[in-house]
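Visitor: Protein chains in written order, with numbering that gives the first Met the number 0: chain A, 0 to 200; chain B, 0 to 754; chain C, 0 to 427; chain D, 0 to 298.
If you're looking for bench data, these hints aren't it; they were derived computationally from the structure. Since we're looking at a predicted model, the values are computed, not measured. Where is the CB? At the ideal position from N, CA and C, for every residue including glycine. Hints may contain errors.
To be verified - Have a look at the derived ranges for each label pair, beta carbon to beta carbon:
id, chain 1, residue 1, chain 2, residue 2, range
1, B, ASP684, C, GLU117, 42 to 48 Å
2, C, ASP209, D, GLY137, 22 to 28 Å
3, C, VAL373, A, LEU99, 38 to 44 Å
4, C, LYS202, A, GLN20, 26 to 32 Å
5, B, GLU404, D, ASP282, 20 to 26 Å
6, C, GLU107, D, ASP135, 54 to 60 Å
7, A, LYS10, B, GLU429, 51 to 57 Å
8, C, ALA124, D, SER101, 27 to 33 Å
9, D, GLY137, C, VAL373, 41 to 47 Å
10, C, GLU117, B, GLU744, 32 to 38 Å
11, C, GLU122, B, GLY712, 43 to 49 Å
12, B, GLN640, D, GLY140, 53 to 59 Å
13, C, ALA124, B, ARG733, 28 to 34 Å
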Amino acid sequence: MTATYKNDFLKEVEANVEDGQWVKMCMQCGVCAGSCPLGPHWQHSPQKIFMMIRAGKREEVLTSDSMWMCTSCYNCIVRCPRKLPITHIMHGLANYAHRLGLAPKGQPTREIAKLFWDNIVKTGRVNELKFSLAMYFKDGFGQGVKNAMAMQGIGLGLMKAKRLNPMEMLGGHTCKDKGGIHKMIAKAREIEDRRKGLSGH
Amino acid sequence: MADIKYAAYICSGCGIGDKLDVDALEKVATKEGKMAVVKSHPFLCSTEGVDLIKNDIANDGVTHVMIAACSRRAKAEAFTFPDNAVSRANLREGVIWVVAEGSEHDEVRQEMAEDYIRMGCAEIKKMTQPAGNPNKAQSKRIMVVGGGMSGMTAALAAADAGYEVVLIEKTAKLGGFASNLLKRVPFNAPYAEAQPTGVEELASKVSGHAKIKVHLNSTLSETAGAPGRFIAKIAQESGAIAEETVGAIVQATGFTPYDINKLTELGGGQANVVDQAGLEALAKAANSGAIKRADGKEVKSVVFVQCAGQRGSGGNGNGQHLEYCSGHCCATSIKQATYFKDANPDVDTIVMYLDLRVPGMGEDFYRSAQEKGVIFTKAKVNGVSGGLSGEMSCKVNFKDLILDEEATVDADLVVLATGQVANAGVNLDEWTATVTAAESGDAAAVQRKSELQKISVLNLNYRQGPDVPQFKYGFADSHFICFPYETRRTGIYAAGPARRPMDMFQAMEDATGAAMKAIQAVENATHGRAAHPRAWDLSFPKARLEGCTQCKRCTVECPFGAIDEDERRFPLFNEERCRRCGTCMGACPVRVISFENYSCDTVGMQIKAVNVPDEFEEKPRVLILACENDAYPALDMAGIQRLTYSAFVRAIPVRCLGSANTIWITDALNQGYDGVMMMGCKKGDDYQCHFVKGSEMAYYRMSKIDDTLKQLGLEPERVQTHEVAITDNARVARMIDEYVAQLTELGPSPMKGFG
Amino acid sequence: MTAPIATNQTILVVGGGISGMTAALEAAECGKQVLLVEKTPTLGGRTAQLYRYFPKMCHPTCGMEINLKRIRGNPNLRTMTMTQVVAVSGSRGDYKVTLKVSPRYVNENCTACGKCGEAVSAEVADAYNYGLSKVRAAYLPHVMAYPQRYVIDASIVGTPEGEKAKAACPVNAVDLDMKEETIEINVGAVVWATGWRPFDANKIQPYGYDRIANVITSVEFERLADPHGPTGGKLLRPSDGNPAKNVAFIQCAGSRDENYLRHCSRICCMASLKQTQYVREAWGDAGKSTIYYIDIRAIDRFEDFYANVWKDSTVSFVKSKVARIAENEANGNPVLHGVDTEGYHRYATEHDLVVLAVGMEPEVTGVKLPADIVMDSSNFIEGSKDGGMFGAGAASSPLDVNRAVQSATAASLKAIQVIHKNASTEAA
Amino acid sequence: MSKKQYAFYPGCSSQKGASASNFLTSIGVMCEKLDIQLNEIPDWNCCGASIGYGEGGELPRLVLSARNLALAERELPGQEMVSVCPACWLSSRETVDRLHESESLLAETNEALKEAGLTLKNEVKQRHMVEVLIEDIGWEGMKKPVVKPLEGLKFAGYVGCQTNRPFGIAGESFENPQYLDKMVEMVGAEPVKYDQKVTCCGGALAFSEPDKSQAQIRQIVESAYDHGADMIVTPCQLCQANVEIYQSEINKKKGTKFNMPVVYYSQLMTVAYGGDAKQAGLDGQLIRAEQLEKIASKK
């Protein structure tokens with residue numbers, strides 16, 4: 000698809016993506032692209048994504064798995080000569096693509112991000128055991144067992160080292176005011192969706 | 000010439016006394032140099048030493064002073080005696096610091112020193128202290144040609160410094176190109192928003208200024224004379240001719256935008272493709288409302304194409320238009336893009352650039368446009384099409400160099416950032432060719448000549464042509480990095496885009512600088528002094544016309560067009576135009592041109608004064624004629640760094656290698672010198688010569704000397720011309736030793752003993 | 000020393016670089032009284048430390064020779080070196096200026112014969128070579144130094160070394176008892192030609208200037224290329240003295256970067272293009288230069304120079320701001336990591352030497368200037384509110400030499416206008 | 000002398016039986032020796048960590064941190080909030096900054112907090128434990144309790160990302176921070192010079208992109224070995240976990256023989272301060288730090 004070089008998509012990004020209003024400030028120096036530890040695995044570098052947004056390449060950007068490669072190392076942020084909050088913009092784009100349902104299906108980081116969020120929202124705190132198991136089984140039971148077996152050594156090691164508690168299966172760490180937290184998060188989501196004109200799901 | 004008294008003062012300090020036999024030097028000065036007074040002092044540059052000289056001048060009638068001490072480049076302040084001619088024999092940097100240590104060199108070292116004493120004495124006998132140009136020019140008025148931002152700024156700058164100004168503007172009102180602008184690029188912090196041009200304020204200041212006289216609807220039909228006494232004939236609308244006498248000229252004739260119609264590949268000439276000037280007109284018409292196209296359609300999308308027909312093929316050009324970058328266009332397009340965004344943020348505004356060139360604080364202006372939503376795309380524009388009929392929008396085909404793909408964008412309007420073409424008048428190379436052809440009766444040339452006279456800005460009645468020489472691409476710029484105002488016409492200074500492509504801020508600064516130089520020129524002219532680079536030199540060329548053969552070499556070769564012809568076709572020197580380089584002196588085959596303190600004799604007698612040993616002594620003698628600005632300092636600094644070179648050379652500084660007369664070479668060879676080295680500045684396109692053509696001329700003349708050498712039965716190697724840079728300290732020392740070795744190979748000059 | 004005579008008809012020029020010399024000379028050659036003060040022991044400033052100028056590839060000292068000759072020959076112009084302006088009070092047309100004169104420990108007697116230099120053995124970092132080499136503690140700042148007078152480094156004053164220098168001087172020029180002096184003068188106008196300094200490359204941490212020997216700055220590279228420099232003009236790299244044949248030039252090192260300098264320093268693109276030709280001059284076709292850039296800013300006819308360098312087979316261009324530099328510990332080569340943004344190509348390239356095209360920052364950054372001075376966000380001097388003080392040259396904006404001289408010439412006239420107003424009001 | 004008091008935000012991974020529980024053990028002992036009193040924020044919740052963005056988005060994520068801030072304001076008034084986990088610190092600090100920058104964002108946040116019966120004035124200062132040590136205790140103060148210098152041990156100081164960027168420790172370079180090496184010297188050990196100090200370990204992508212992050216981890220461990228380190232020391236839980244846990248994985252896949260202990264600065268200090276292996280949480284190592292244990296066991 001050819002670029003339209005119209006502002007529509009840029010405006011959409013500015014309205015809906017965390018720190019999206021910074022995208023227009025990029026001067027295409029490429030320091031972010033060179034600073035990213037997983038750079039070689041990015042189909043499009045951040046600076047290129049900014050250019051694509053300006054060029055109106057909505058679909059190519061939102062369906063890309065590039066931003067899902069962000070490890071949150073913040074190298075790009077501290078080196079950007081224009082002080083763009085690149086890490087946040089990448090997170091914002093990923094989240095926006097995810098909420099729109101355009102992010103690549105089965106993108107592992109996308110899925111794990113969801114699992115992790117659900118895990119913490121449930122009790123207010125991470126339940127590492129449930130989180131790990133959920134990860135192993137995200138691709139179905141069979142794969143789950145394989146994954147679990149593969150990581151068994153580590154699991155046992157961690158348990159021996161008292162850094163993984165089997166008891167977590169039953170409850171485990173939790174906040175007292177779970178209810179409050181749930182309501183709070185729901186409210187926050189509602190407000191954000193209202194602002195972005197998205198329907199909550 | 001009432002009672003002249005020559006005196007020699009020899010310093011024995013800085014180790015001179017240890018390395019040389021000063022008594023012997025004194026004897027040389029007395030016996031051979033025939034100096035009436037000869038004194039030596041252990042610390043001549045000390046107050047005491049200088050007082051010794053002053054006292055002899057005051058009480059002992061000493062009129063001419065020969066100082067044998069350090070280089071003329073050292074202690075100049077101490078050894079300046081305003082009313083007395085002074086020559087310097089360089090015993091320190093020129094002898095003891097460069098001749099190898101050790102007693103085995105004592106003899107040659109002493110011989111070298113004694114020769115420099117002889118030379119100093121010989122030179123001073125031919126020098127008189129210049130008194131300045133007797134017929135001093137009178138006018139201190141400044142004429143400014145061009146009433147745009149540059150011209151008005153120059154006029155105001157000079158007037159506020161107390162100088163009367165005459166301003167000539169060819170149109171009916173002041174303001175020039177700037178009056179067509181809606182706003183200007185910001186001049187000061189925070190560099191965020193376009194600013195009012197301020198052109199009206201400036202115009203009213205100028206027209207209201209007591210010291211500024213404005214001629215509107217006027218052009219120059221003739222400019223005659225020289226700094227301090229230019230006579231300008233001003234052709235007015237009425238057809239009447241006004242005459243003004245002025246002392247100096249600032250040429251601020253601005254630029255013309257490159258013809259957009261030539262840029263057909265970028266849609267030039269099509270209805271909805273405009274240049275930056277065109278856009279300013281649309282923006283003004285919109286008067287801060289939505290910007291509309293010529294056909295009245297509101298512009299919802301606009302594309303700016305940078306470097307349109309500029310930067311050869313380097314920009315969005317195809318190599319068929321302008322080679323250079325006009326500098327201002329990036330910032331100007333940024334400014335124009337914000338016209339759209341300020342009126343309506345929803346207008347799609349794209350700037351397509353190859354290198355965005357907004358130096359200095361322009362970076363902040365760039366940021367502010369980005370904040371307003373202007374999109375910048377690094378792109379090579381292949382073509383612009385459509386936009387022919389009013390309704391149709393343009394298609395811009397380009398390669399997005401970041402996304403690395405061909406793309407097309409529709410736009411209601413396309414703005415081409417075209418370049419600045421200088422209004423600098425006639426190209427003198429074409430002029431000379433045309434005139435020569437015309438004189439040989441070529442009808443077309445005659446026709447062309449009258450056309451050129453119409454194009455001319457100044458219509459100078461100089462023999463060398465009607466305008467200031469152009470440097471490159473038609474701009475009347477200086478070739479010198481350290482001296483941006485050095486046009487080759489004394490007292491005439493180009494400013495603004497006529498000098499070099501530039502933005503408004505630079506143009507106004509440039510105009511102020513040019514006014515400064517103009518003021519300086521009138522001050523110098525009215526004091527009978529030389530202008531840069533021999534600033535305040537009071538000597539000036541004199542010609543014994545009775546000996547002149549009317550060969551015209553001086554008039555042709557003068558780099559500054561200072562010499563015209565009188566009605567009897569004799570050279571007519573305009574001292575106020577002269578820069579004192581002596582190129583005319585070097586050119587003159589009959590040696591009738593000279594300066595009071597620099598002449599064929601001041602140098603010739605030095606050459607003759609040198610004691611040339613006979614062929615059996617195996618002591619070759621090499622004459623070095625070194626440019627005083629680059630080669631001679633290099634020799635000096637070789638000494639300061641204690642590099643050594645052969646004691647067989649005798650160096651004489653010359654004002655410019657262009658002033659070297661071939662007689663000096665033939666005299667030297669006749670006298671038995673084994674070789675001559677001429678050291679001048681770089682020639683060619685990137686010439687270094689501060690007198691423009693000096694070293695070029697020297698090379699040319701020396702290329703002709705071979706026949707003379709043959710007649711004398713001498714090998715061509717005996718005369719060499721070198722380019723020497725001021726940093727060549729080590730190289731020059733090496734060159735000397737290699738040449739002396741080469742000459743030893745060659746054997747002594749067969750001329751020895753015949754001299 | 001005795002205070003120089005100065006009145007409200009005097010123009011004070013602060014800074015003895017090319018801009019200051021120009022501003023002072025242009026006014027003096029119009030017959031105005033000018034006092035030129037310079038902080039260091041010699042005139043010449045940063046240009047005296049350059050090997051060649053772009054685009055002509057000529058030598059800065061050539062123009063300097065002319066300017067020094069003009070200065071030597073002009074009675075209206077007085078110069079004071081090792082002198083700084085510490086305070087300015089008053090207003091347009093009538094300023095009181097306090098000058099601090101540091102001791103040179105060498106008086107006007109000095110003939111630059113060099114005996115003191117031969118006598119001492121102590122060495123100090125050679126400021127002329129940006130500390131890349133050492134110089135005797137009794138030294139001539141450089142071969143073109145003006146005044147042509149030695150300096151005794153303060154570090155040896157009061158030591159036997161200092162005494163050696165004193166003893167060696169045949170003309171009693173060494174005066175170890177010199178003290179810092181403060182002088183008050185009155186002037187009509189002030190031109191600030193205080194120039195620029197290279198941005199501190201240590202601050203650009205991703206480029207490891209402080210950690211990697213073979214990462215140097217563009218001003219240091221000028222010294223390497225200069226026959227008067229620490230390597231006698233040979234392009235040898237610091238870590239092992241091996242030839243630097245494959246050289247990387249990193250543009251916008253500090254400039255156009257809100258972490259360091261907001262502004263573009265204008266000259267760096269041309270400076271690097273010029274320096275690629277040093278590499279060619281040194282190694283011919285065996286040399287290799289790579290320029291890493293964001294935009295090549297070769298403005299007006301400088302474009303010609305760019306176009307020619309572009310054609311040079313030994314020079315290549317990468318549109319990229321280098322992300323970081325690592326060091327190959329085996330051979331000391333800097334390894335550049337980044338992405339060529341024209342089409343997104345990742346690179347990790349080794350070079351013999353990396354030259355950081357460091358930005359220009361005003362020399363007065365961090366210095367307390369008169370309250371009346373107006374500066375922009377990068378501390379470049381726009382002028383003074385009362386219109387009696389002016390910025391000139393690189394003190395007013397990041398400028399190349401040609402532009403700096405233009406700016407200084409203009410500033411000179413603005414100062415003359417102030418003096419003129421004084422004269423005419425007094426006449427009235 | 001009176002102890003310095005701080006509102007303490009331990010974070011999920013430091014909890015009992017969680018992946019960094021041993022870290023918290025050593026932190027406790029270290030603070031004891033340095034007269035630092037940590038008052039745990041009652042009912043604190045997860046910060047959302049770096050990967051929370053994917054599903055959480057902007058406001059919900061900010062609100063999570065805001066809740067902790069609000070609790071600290073209410074329950075431990077006047078106390079600065081300290082985290083030992085870079086992710087916790089970063090999220091909290093970012094939230095504080097963002098809510099300071101934007102009135103509307105603060106309003107929205109409070110609207111959501113109301114659901115949990117909380118309001119935020121946003122007055123709590125955010126500190127990282129390392130900041131507390133350097134700025135409040137000072138190098139001398141940290142040195143004083145040292146009774147068992149860790150002589151002869153060589154550590155590769157691995158600062159990683161989030162303690163260092165985007166905020167970092169005041170006065171430190173993003174590319175070449177010094178404080179960790181200084182801490183190593185302070186406890187009498189030797190820091191090795193190596194080039195992976197601030198290399199990213201892959202962070203949360205260790206789970207989703209194991210191969211890519213293990214490639215990162217391999218670089219780090221390899222370089223530590225090449226430059227003669229006995230152990231790696233880090234201030235970051237995620238770094239510790241990733242770099243320690245996956246060495247066996249990498250060995251399996253790449254045939255390397257990695258077996259380099261990865262410990263926390265607090266563990267070094269605890270041992271140097273005379274704490275035993277258990278107090279230093281050395282029993283929590285997957286790859287046992289035997290040399291440290293030896294010193295710890297010395298009487």
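Visitor: Confirm or reject each hint.
Guide: Structure-based check of all given hints:
no., hint, result
1, B/ASP684 <-> C/GLU117: 42 to 48 Å, "holds (44 Å)"
2, C/ASP209 <-> D/GLY137: 22 to 28 Å, "holds (25 Å)"
3, C/VAL373 <-> A/LEU99: 38 to 44 Å, "violated (51 Å)"
4, C/LYS202 <-> A/GLN20: 26 to 32 Å, "holds (29 Å)"
5, B/GLU404 <-> D/ASP282: 20 to 26 Å, "violated (59 Å)"
6, C/GLU107 <-> D/ASP135: 54 to 60 Å, "holds (59 Å)"
7, A/LYS10 <-> B/GLU429: 51 to 57 Å, "holds (55 Å)"
8, C/ALA124 <-> D/SER101: 27 to 33 Å, "violated (50 Å)"
9, D/GLY137 <-> C/VAL373: 41 to 47 Å, "holds (43 Å)"
10, C/GLU117 <-> B/GLU744: 32 to 38 Å, "holds (37 Å)"
11, C/GLU122 <-> B/GLY712: 43 to 49 Å, "violated (57 Å)"
12, B/GLN640 <-> D/GLY140: 53 to 59 Å, "holds (58 Å)"
13, C/ALA124 <-> B/ARG733: 28 to 34 Å, "holds (30 Å)"
Violation of the numbered hints given earlier is confined to hints 3, 5, 8, 11; the remaining hints are satisfied by the structure.
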